[in-house]
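Peer 1: Chain residues, written in single-letter form:
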Amino acid sequence: MIVLNHVGKQYGRMHTALADVNFHIQAGEFVFLTGPSGAGKSSLLKLLFRQQVPTSGEIRLAGHRLGEMPEKEIPVLRRKMGVVFQDFKLIHSMTVFENVAFVLRIMGVSFPEQKNRAFRALKMVGLQHKLSNFPLQLSGGEQQRVAIARALVNDPLVLLADEPTGNLDPDLAQEIMSLFERINGQGTTVLVATHDRSLIQRMKKRVLGLEHGHLAFDTPAPSSTLAV
Amino acid sequence: MIPFRLLAILLRDVARDLLRHRGQHLLVVLTLASGLLLAGGGLLAVESLDRWVSRMESMAKVTVFATEGGHLDEAEASLRRDPRFRGVRRVSAKEATERFLASSREAGLLLESLGGEPLPESLELDIRPDLVAERRAIEVGESLRYMPGVGDVVVDHERLSALQRSARVVRSAVSLMGVILLLAAGFSTGNVIRMSILSREEEIGIMRLVGASESFIRTPLLLEGALLGLAASALSMLALLGLWLPLQRGAWGLPPLFVEMARLGFFSPRSIILLGTVGTLTGALGALWGFWSTQRSQRRLAAVDQGTEA
Ligand SMILES: Nc1ncnc2c1ncn2[C@@H]1O[C@H](COP(=O)(O)OP(=O)(O)OP(=O)(O)O)[C@@H](O)[C@H]1O
Ligand SMILES: [Mg+2]
Chain A
84 MIVLNHVGKQ
94 YGRMHTALAD
104 VNFHIQAGEF
114 VFLTGPSGAG
124 KSSLLKLLFR
134 QQVPTSGEIR
144 LAGHRLGEMP
154 EKEIPVLRRK
164 MGVVFQDFKL
174 IHSMTVFENV
184 AFVLRIMGVS
194 FPEQKNRAFR
204 ALKMVGLQHK
214 LSNFPLQLSG
224 GEQQRVAIAR
234 ALVNDPLVLL
244 ADEPTGNLDP
254 DLAQEIMSLF
264 ERINGQGTTV
274 LVATHDRSLI
284 QRMKKRVLGL
294 EHGHLAFDTP
304 APSSTLAV
Chain B
617 MIPFRLLAIL
627 LRDVARDLLR
637 HRGQHLLVVL
647 TLASGLLLAG
657 GGLLAVESLD
667 RWVSRMESMA
677 KVTVFATEGG
687 HLDEAEASLR
697 RDPRFRGVRR
707 VSAKEATERF
717 LASSREAGLL
727 LESLGGEPLP
737 ESLELDIRPD
747 LVAERRAIEV
757 GESLRYMPGV
767 GDVVVDHERL
777 SALQRSARVV
787 RSAVSLMGVI
797 LLLAAGFSTG
807 NVIRMSILSR
817 EEEIGIMRLV
827 GASESFIRTP
837 LLLEGALLGL
847 AASALSMLAL
857 LGLWLPLQRG
867 AWGLPPLFVE
877 MARLGFFSPR
887 SIILLGTVGT
897 LTGALGALWG
907 FWSTQRSQRR
917 LAAVDQGTEA
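If you're matching them up, the sequences are chains A and B in order.
Take 84 as the starting number for the first sequence in the working numbering and just add one per residue.
Take 617 as the starting number for the second sequence in the working numbering and just add one per residue.
It is worth saying that the hints were derived from the structure and are not from the lab.
This structure is a prediction, so every number in the text was calculated from the model and none was measured.
Don't be surprised by glycine CBs; every beta carbon is placed ideally from N, CA and C.
Any given hint could turn out to be false.
[What the hints assert, rightly or not] Quick list of in silico lysine to any residue cross-link-like pairs, SDA-like style, CA-CA up to 20 angstroms: (1) Lys677(B) to Gly821(B); (2) Lys163(A) to Ser829(B); (3) Lys155(A) to Leu917(B); (4) Lys198(A) to Ala624(B); (5) Lys155(A) to Asp170(A); (6) Lys155(A) to Ser909(B); (7) Lys155(A) to Val669(B); (8) Lys172(A) to Lys677(B); (9) Lys172(A) to Arg915(B); (10) Lys163(A) to Ile189(A); (11) Lys155(A) to Gln914(B); (12) Lys155(A) to Ala918(B).
[Claimed, not checked] Label-pair distances were calculated between CB atoms; the ranges are: (13) Ser176(A) to Gly869(B): 27 to 33 angstroms; (14) Glu141(A) to Gln911(B): 23 to 29 angstroms; (15) Ala919(B) to Phe106(A): 49 to 55 angstroms; (16) His89(A) to Leu646(B): 54 to 60 angstroms.
This is chain A alone, in the form it adopts within the complex (with noise of 0.2 angstroms):
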């Protein structure tokens, strides 16, 4: 499903971000992508749905390779994807409905879907009760969530998220964690960028470790959860 090659990504001349990247993730895999602050997590979630190209090697995810696609078929590979920026990127003038449902608007849904699936989605991040609330009348937290249930919304085929409970609780971080595995025994392939040490202890998945834009290492999930 994702497949890096020799991927290095430097901004400007002098600043490596990645260098040599290699690694395979399979279709329907769940796995944490973790490092300290710095090490390059974001700029691989960015590399993976096209909003910046590598400076060298090769991504294929799937089965577009990003470094050769045309700026047309951009949009179509973003819609087969759910992402969850570490920002949120909410847009402020729509209210968390419109948010959510933008997404399925773009697919050209009808609107009696958009409203089942937009409700439905937020309903599982818990916040049904605040459809028509503007992002800015929300906490944190719940921003963070509303990104969530728009990452989910298209029931994508991969969801990349970073950093998804970083201004949550940890119950809610729980909570949302246990959301990203059923999502996942859907068939939704899940890249999850954390640096929470204690949730990926507790979720017993695939890590892999950057830092310092290098890949560390990669260990495999304890087979006792491989078969979910």
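Keeping the supplied structure of chain A fixed, place chain B with the ligands upon it in accordance with the hints.
Peer 2: Same frame as chain A, now just chain B with the ligands:
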């Protein structure tokens, strides 16, 4: 069926968006409407002037006056056979006097001071259309001067041509000003729309990030711009109507010529369509301009983000 549904979705989205950014959109409409108000005012003025001139033209005639105490029987008989005229109307001395008395308040006094002498009778000739041009009308008039019983010949077209000339000058001056104004208004409105779209740039960027295609973003923006432009046209026409209605009723003590011109009518359907189209196009082009600007700055940001622009 499907296209209908898509259209319905699009229209609802546009309506929501218009409402959501109503503050900026109000500004857009007001800017464009004020430009269109001035340009439309010029258009209305030119149109009224044209109407007035053509009414004058249609009223223009050649008048043959009898000599003092003379009669026009013979002349009338031959003019009625003359193919150069479409119509001949005899105005008796009595009718001429009545008309004169009705023409102004001082007419009675004037007539008295002339010793109560009756006005001469006359023939009003309606000239064939192809002879209406100034030169030819004058020639026709000259040829009538030596008919039996004819004292004087007055050719209205002679005076009319001066009026036509000044109307032409006024028309081209006002049109030029109108076009300049419209360009300026179009530019500033385009800019306001562009700013309003640029202020939503972050949102538009997010839309792109979650998979919206360029045309998905552009279409509603374009439609919104067009609707705003149409609204501005309607607003400016309403404002002009609000000025025109009291004017043609003679308000504000304006010169009677203006009032008379105003009475000839408001915008013709053609001008209404013209103004509507100009407004709509301005709005749509402004939106397109704004959209391109977001694309350009998006690319610049991306370049910075890629580190290719160091
Ligand atoms: N647009 C950019 N231009 C220049 N340098 C950048 C840019 N984005 C990230 N970097 C640098 O690249 C490195 C990796 O950044 P990245 O955001 O991927 O880290 P991260 O692992 O997500 O960190 P965190 O856990 O704090 O979110 C950092 O040193 C950062 O300063
Ligand atoms: Mg990060």
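Peer 1: Taking 20 angstroms as the top limit, are the C-alpha atoms of lysine 163(A) and isoleucine 189(A) close enough?
Peer 2: holds (12 angstroms)
Peer 1: Hinted pair, alpha-carbon criterion (20 angstroms max): lysine 198(A), alanine 624(B). Please report holds or violated.
Peer 2: Roughly 16 angstroms separates the two Cα atoms, so the pair holds.
Peer 1: Could you grab the alpha-carbon distance between lysine 155(A) and serine 909(B) and see if it respects the 20 angstroms cut-off?
Peer 2: Distance ~18 angstroms between lysine 155(A) and serine 909(B) Cα, so the pair holds.
Peer 1: Could you say whether the range 49 to 55 angstroms given as a hint is met by the Cβ separation of alanine 919(B) and phenylalanine 106(A)?
Peer 2: violated (28 angstroms)
Peer 1: Against the 20 angstroms threshold, does the CA-CA distance of lysine 155(A) and valine 669(B) hold or violate the hint?
Peer 2: violated (58 angstroms)
Peer 1: For lysine 677(B) and glycine 821(B), compute the direct alpha-carbon distance and say whether it is at most 20 angstroms.
Peer 2: Given pair lysine 677(B), glycine 821(B) is violated - Cα atoms ~70 angstroms apart, limit 20 angstroms.
Peer 1: Given the hint that lysine 155(A) pairs with leucine 917(B), does the C-alpha gap stay at or below 20 angstroms?
Peer 2: Judged against 20 angstroms, a Cα distance of about 18 angstroms means the pair holds.
Peer 1: Does serine 829(B) lie within 20 angstroms of lysine 163(A) when you go C-alpha to C-alpha?
Peer 2: holds (13 angstroms)
Peer 1: Quick one, are lysine 172(A) and lysine 677(B) close enough, alpha carbons at most 20 angstroms?
Peer 2: Not OK: lysine 172(A) and lysine 677(B) at ~77 angstroms, beyond 20 angstroms, violated.
Peer 1: Does the Cβ-Cβ separation between glutamate 141(A) and glutamine 911(B) fall within 23 to 29 angstroms?
Peer 2: Given range 23 to 29 angstroms: holds, Cβ gap about 28 angstroms.
Peer 1: Is lysine 155(A) close enough to aspartate 170(A), meaning Cα to Cα at most 20 angstroms?
Peer 2: Measuring from Cα to Cα gives roughly 26 angstroms; hence the hint is violated.
Peer 1: Within a Cα-Cα threshold of 20 angstroms, do lysine 172(A) and arginine 915(B) meet the stated pairing?
Peer 2: It holds: about 18 angstroms lies between the C-alpha atoms, which stays within 20 angstroms.
Checked against the numbered hints given earlier, the structure breaks hints 1, 5, 7, 8, 13, 15 and satisfies all the rest.
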